[in-house]
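Engineer: Chain order of the listed sequences is A and B. Here the first sequence stands for residues 418 to 854, where the numbers follow this note's numbering. Here the second sequence stands for residues 418 to 854, where the numbers follow this note's numbering.
Worth double-checking, as some hints may not be accurate.
Identical copies look the same in the list; a pair holds intra-copy or inter-copy alike.
[To be verified] 30 Å max Cα-Cα, derived DSSO-like pairs, lysine-lysine:
| hint | residue 1 | residue 2 |
| --- | --- | --- |
| 1 | 591 | 715 |
| 2 | 581 | 670 |
| 3 | 593 | 848 |
| 4 | 581 | 480 |
| 5 | 848 | 670 |
| 6 | 670 | 429 |
| 7 | 526 | 572 |
| 8 | 572 | 715 |
| 9 | 715 | 738 |
| 10 | 429 | 520 |
| 11 | 480 | 715 |
| 12 | 591 | 520 |
| 13 | 520 | 581 |
| 14 | 715 | 429 |
| 15 | 526 | 753 |
| 16 | 715 | 753 |
| 17 | 848 | 715 |
By construction, these hints were calculated from the structure, which means they are not laboratory data. All figures in this text were calculated on a predicted structure; none of them were measured in a lab.
Protein chains: 2
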Amino acid sequence: MHIVLLSGGSGKRLWPLSNDIRSKQFIPIFPQLDGTHISMVQRVFRQIRQADPTADVTIATSKSQVSTLRNQLGDAVDISVEPCRRDTFPAIVLVSAYLHYVKGVGLDKAVAVCPVDPYVEGRYFTAVHRLTELAAAGTANLMLMGIEPTYPSEKYGYIMPASKNEVSSVRSFKEKPDAATAQEYIAQGALWNSGVFAYRLGYVLATAHRLLDFQGYEDLYAHYGELEKISFDYAVVEREQSIGVLRYAGEWKDLGTWNTLTEIMQEHTIGQAVLDDTCRDVHVINEMDVPVLCMGLKQAVVAASPEGILVADKGASSYIKPYVEQFDQQIHFAEKSWGRFQIIDVEDDSLTIKITLNAGHAMNYHRHAHRAEVWTIVRGQGEVIVDGARREVQAGDIIELPCGCAHTLRAVTQLVAIEVQLGPDIQREDKIKEDLP
Amino acid sequence: MHIVLLSGGSGKRLWPLSNDIRSKQFIPIFPQLDGTHISMVQRVFRQIRQADPTADVTIATSKSQVSTLRNQLGDAVDISVEPCRRDTFPAIVLVSAYLHYVKGVGLDKAVAVCPVDPYVEGRYFTAVHRLTELAAAGTANLMLMGIEPTYPSEKYGYIMPASKNEVSSVRSFKEKPDAATAQEYIAQGALWNSGVFAYRLGYVLATAHRLLDFQGYEDLYAHYGELEKISFDYAVVEREQSIGVLRYAGEWKDLGTWNTLTEIMQEHTIGQAVLDDTCRDVHVINEMDVPVLCMGLKQAVVAASPEGILVADKGASSYIKPYVEQFDQQIHFAEKSWGRFQIIDVEDDSLTIKITLNAGHAMNYHRHAHRAEVWTIVRGQGEVIVDGARREVQAGDIIELPCGCAHTLRAVTQLVAIEVQLGPDIQREDKIKEDLP
Chain A
418 MHIVLLSGGS
428 GKRLWPLSND
438 IRSKQFIPIF
448 PQLDGTHISM
458 VQRVFRQIRQ
468 ADPTADVTIA
478 TSKSQVSTLR
488 NQLGDAVDIS
498 VEPCRRDTFP
508 AIVLVSAYLH
518 YVKGVGLDKA
528 VAVCPVDPYV
538 EGRYFTAVHR
548 LTELAAAGTA
558 NLMLMGIEPT
568 YPSEKYGYIM
578 PASKNEVSSV
588 RSFKEKPDAA
598 TAQEYIAQGA
608 LWNSGVFAYR
618 LGYVLATAHR
628 LLDFQGYEDL
638 YAHYGELEKI
648 SFDYAVVERE
658 QSIGVLRYAG
668 EWKDLGTWNT
678 LTEIMQEHTI
688 GQAVLDDTCR
698 DVHVINEMDV
708 PVLCMGLKQA
718 VVAASPEGIL
728 VADKGASSYI
738 KPYVEQFDQQ
748 IHFAEKSWGR
758 FQIIDVEDDS
768 LTIKITLNAG
778 HAMNYHRHAH
788 RAEVWTIVRG
798 QGEVIVDGAR
808 REVQAGDIIE
818 LPCGCAHTLR
828 AVTQLVAIEV
838 QLGPDIQRED
848 KIKEDLP
Chain B
418 MHIVLLSGGS
428 GKRLWPLSND
438 IRSKQFIPIF
448 PQLDGTHISM
458 VQRVFRQIRQ
468 ADPTADVTIA
478 TSKSQVSTLR
488 NQLGDAVDIS
498 VEPCRRDTFP
508 AIVLVSAYLH
518 YVKGVGLDKA
528 VAVCPVDPYV
538 EGRYFTAVHR
548 LTELAAAGTA
558 NLMLMGIEPT
568 YPSEKYGYIM
578 PASKNEVSSV
588 RSFKEKPDAA
598 TAQEYIAQGA
608 LWNSGVFAYR
618 LGYVLATAHR
628 LLDFQGYEDL
638 YAHYGELEKI
648 SFDYAVVERE
658 QSIGVLRYAG
668 EWKDLGTWNT
678 LTEIMQEHTI
688 GQAVLDDTCR
698 DVHVINEMDV
708 PVLCMGLKQA
718 VVAASPEGIL
728 VADKGASSYI
738 KPYVEQFDQQ
748 IHFAEKSWGR
758 FQIIDVEDDS
768 LTIKITLNAG
778 HAMNYHRHAH
788 RAEVWTIVRG
798 QGEVIVDGAR
808 REVQAGDIIE
818 LPCGCAHTLR
828 AVTQLVAIEV
838 QLGPDIQRED
848 KIKEDLP
């Protein structure tokens, strides 16, 4: 199957483990046998591959997430980058155009579009696979996945199917109702709208050519910022008569809050943490390298990262967003395609950063207009290039990078460096990419 | 008056704000008009000076606290260092010998001995002053300060005075009783034993020469480790018939636990912290430079430092000690006579440290047998000496310190450096002091 994962989201609700670069789907919370943890996006990607080993996965996302995606998924996925934020219709058209014009997927092929972060069992993606088959077979122009409700939720939109059959046509859609109305809908056989849908590529591209003025992918990409903002619901769903729904019964959750995230944690603690005997229903995720000690807490979540520390009653944690919006601070850590960085000290005219490059990876060759840097290699082996001059480096070596010089660092083995940035005007944006000599 | 402050204590109960170097009396918690905070020892020192501007203050302590004391109190106090831990009698003899033989205080002069960290009003030290006057006048060989009990505490020893007069002789002492017995004692006019006492120097030194074999201060210091371990109670108090007590009524607290410490905090938060509207009776002390966000907490204390993070129900926080003893980690920050240092990154074969030198101060001239270091100056101006060669430095300068070289850094203005330590065997103890060339 061809599956498109929509990867977006801001980093407010799961602060401090998420930030403007690390959205919630990138937080490592699922334990592996080797003691490491994988993220939601890594788990979903693995589930898709298990449901369909030949699945062709494309991630539609913004520029800011590309490095993290490459870090977490490597080169096994295609990434279709939105040059800027428009609405859902342009976004789905862009990735559909990418599939057809860039990857050469035929117009008669079906594509499933799916949020990147549902918390589901593996067989959910078997159902998504089935959804694409139904779309390919022409069951309907648009095939939706409907989730059997387990309670009258007020948080979801509802799909009213024409029948209670596993596959049915859709009679109507309902906006998020109150609980009593939700109860009525459910009695009538309503399903939760999961946000997953499948269509034949040609269907969406034909609609796109009717509504938007573009020639092929390059043209669409170049003029993306000028496209009208229309939602996929408005442009496609509301005008379509031929919509089908596939019923799915099974666990399906959005892990968008600390409350829901900790519900599915398989351990009470991740990272260095000690809970005393009187703690009840406490979850700790500690990404710092010093311990967290919890004593006598009930129904609480504690999360610590280089961005800050959250200590919250689980119920109260849902209201986090406005508080985090008050924190006007720079990003303190991020995963890059080549590894990760973390701010370890901030002074008025300097910033000290720990850089970890994965073996075989290199950062971009670049220079800075307004700052000098000093690298001290503290682990591993690799090479640096400074203004065209190549040099092998290893733990203990010091590399001075005067303001304006072009430089890069390449890891042979995993390489860790302490970078001290120096200057009166240090900005993350001050980075000029250069071609390697 | 001559007053001796006993400064000891481990750093377990107020972890993570205290550690093996920073005992509880050094934690900055009392807000000043300029927005900074002072510690218990700074507050006590100021109160003593206000009660008696000519007070001669000597602090009896161990080697490990000297740097912190110099950092917090400067050169305004004398420090008598115990070369190792014996019991209370040798300790009091040592500082008494220091006063007489080193400082030249006459044998007929009275000295008050006081724990370094009582939380009291300023007039408490007026009472201590009075106590020394009573001792000097020969009211008794040993004058104690007794606190009027405010409740039948099981935590304190009790003094049974012969009368209810302000100054009385002591009839007997009682060990920590249960609450019912405490109630009976109080009905009989008993007082809490505050641990403060005053005596004429000659009295303790005569007892010392009878029980211990030493000639003057130097000899006592040199053989201190061989002295018999005897408590002051056993050696002096239990054998003395002439003991008097001065009654004191007023606030008197030991801030030894998070519970008692937060009770006297004048603000709910120190450092970067946000509490939501539903927090009740929550105190946060955050010494990190990223925010702490608390939501929906009740009766809780949150403390964060480079050592770790504590989140505790206030009641549960009293049982912290065994948990902290599990943490077998190196010290992550300390105040030095010249400023402070803080570990900001730990790798197998490197340690990155932020060093802050106060203007006009310098670290010892020293070298390391097993590690190289790199200093990057990120703030201020000063000079370095490396193997005898002197050089002016300022923000942006890099100083390479190969393994074995002798080096020091001196601050002209406040100076901040990032120090990367490099080597397979980095130990805090690997420091060989050298004489400046």
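Engineer: None of the hints should be skipped; say for each whether it holds.
Structural biologist: Here's how the hints hold up against the structure:
{"no.": "1", "hint": "591 x 715", "verdict": "neither (38 Å within a copy, 40 Å between copies)"}
{"no.": "2", "hint": "581 x 670", "verdict": "within (23 Å within a copy, 72 Å between copies)"}
{"no.": "3", "hint": "593 x 848", "verdict": "neither (45 Å within a copy, 68 Å between copies)"}
{"no.": "4", "hint": "581 x 480", "verdict": "neither (42 Å within a copy, 80 Å between copies)"}
{"no.": "5", "hint": "848 x 670", "verdict": "neither (40 Å within a copy, 56 Å between copies)"}
{"no.": "6", "hint": "670 x 429", "verdict": "within (19 Å within a copy, 42 Å between copies)"}
{"no.": "7", "hint": "526 x 572", "verdict": "neither (33 Å within a copy, 79 Å between copies)"}
{"no.": "8", "hint": "572 x 715", "verdict": "both (26 Å within a copy, 29 Å between copies)"}
{"no.": "9", "hint": "715 x 738", "verdict": "both (22 Å within a copy, 21 Å between copies)"}
{"no.": "10", "hint": "429 x 520", "verdict": "neither (34 Å within a copy, 62 Å between copies)"}
{"no.": "11", "hint": "480 x 715", "verdict": "neither (40 Å within a copy, 42 Å between copies)"}
{"no.": "12", "hint": "591 x 520", "verdict": "neither (36 Å within a copy, 88 Å between copies)"}
{"no.": "13", "hint": "520 x 581", "verdict": "neither (38 Å within a copy, 97 Å between copies)"}
{"no.": "14", "hint": "715 x 429", "verdict": "both (24 Å within a copy, 24 Å between copies)"}
{"no.": "15", "hint": "526 x 753", "verdict": "neither (33 Å within a copy, 70 Å between copies)"}
{"no.": "16", "hint": "715 x 753", "verdict": "neither (37 Å within a copy, 39 Å between copies)"}
{"no.": "17", "hint": "848 x 715", "verdict": "neither (46 Å within a copy, 46 Å between copies)"}
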